[in-house]
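Undergrad: Required output: the full structure, derived from the provided sequences and hints.
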Amino acid sequence: MKLNRIVLSGIAGATLIASGVMIAQQRPEENVSGRRHPNIAAAQRLTEQAYQKITAAQQANEWDMDGHAAKAKDLLDQANRELRAAATDANRNHK
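Per this note's numbering, the sequence shown runs over residues 326 to 420.
Quick caveat, the hints were computed from the structure, so don't treat them as lab data. Keep in mind that this is a model prediction, so the values were computed, not measured. Among the clues, some could well be false.
[To be verified] Just the calculated beta-carbon pair ranges, DEER-fashion:
#1 N416 to I331: 51 to 61 Å
#2 D399 to R370: 14 to 24 Å
#3 M390 to I336: 17 to 27 Å
#4 L371 to I336: 33 to 43 Å
#5 K378 to E407: 14 to 24 Å
#6 T380 to N356: 13 to 23 Å
#7 I336 to G392: 11 to 21 Å
#8 Q384 to N356: 19 to 29 Å
#9 M390 to P363: 29 to 39 Å
#10 N364 to E387: 35 to 45 Å
#11 N364 to Q384: 22 to 32 Å
#12 N418 to K396: 27 to 37 Å
#13 D414 to I331: 48 to 58 Å
#14 H393 to R370: 15 to 25 Å
Where a beta carbon is used, it is the ideal one built from N, C-alpha and C, also for glycine.
TA: In structure tokens form, the structure reads like this:
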């Protein structure tokens, strides 16, 4: 009985650590030039701020959000990649 509790605690701890690593790896990058594309760069900053707020909400709620917060973070990461693609295309079209 006590061994089961120890094993479950270890698994839970490893899961939390793995979740933290995955979250740190998916954080949106701010990689658009604010000089060339001020509006797109501002949008990237806002995706980063939203990502941070979701992380804070997850921590405040002890990570129990039925996957919705993680999905929102994935969508913010996708939006960030699209913003980068938009800036890249704008650079290509204005040379």
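Undergrad: Give a verdict on every hint.
TA: For each hint, the structure was consulted:
{"no.": "1", "hint": "N416 to I331: 51 to 61 Å", "in the structure": "holds (56 Å)"}
{"no.": "2", "hint": "D399 to R370: 14 to 24 Å", "in the structure": "holds (19 Å)"}
{"no.": "3", "hint": "M390 to I336: 17 to 27 Å", "in the structure": "holds (20 Å)"}
{"no.": "4", "hint": "L371 to I336: 33 to 43 Å", "in the structure": "holds (37 Å)"}
{"no.": "5", "hint": "K378 to E407: 14 to 24 Å", "in the structure": "holds (20 Å)"}
{"no.": "6", "hint": "T380 to N356: 13 to 23 Å", "in the structure": "holds (20 Å)"}
{"no.": "7", "hint": "I336 to G392: 11 to 21 Å", "in the structure": "holds (19 Å)"}
{"no.": "8", "hint": "Q384 to N356: 19 to 29 Å", "in the structure": "holds (26 Å)"}
{"no.": "9", "hint": "M390 to P363: 29 to 39 Å", "in the structure": "holds (33 Å)"}
{"no.": "10", "hint": "N364 to E387: 35 to 45 Å", "in the structure": "holds (37 Å)"}
{"no.": "11", "hint": "N364 to Q384: 22 to 32 Å", "in the structure": "holds (31 Å)"}
{"no.": "12", "hint": "N418 to K396: 27 to 37 Å", "in the structure": "holds (33 Å)"}
{"no.": "13", "hint": "D414 to I331: 48 to 58 Å", "in the structure": "holds (54 Å)"}
{"no.": "14", "hint": "H393 to R370: 15 to 25 Å", "in the structure": "holds (23 Å)"}
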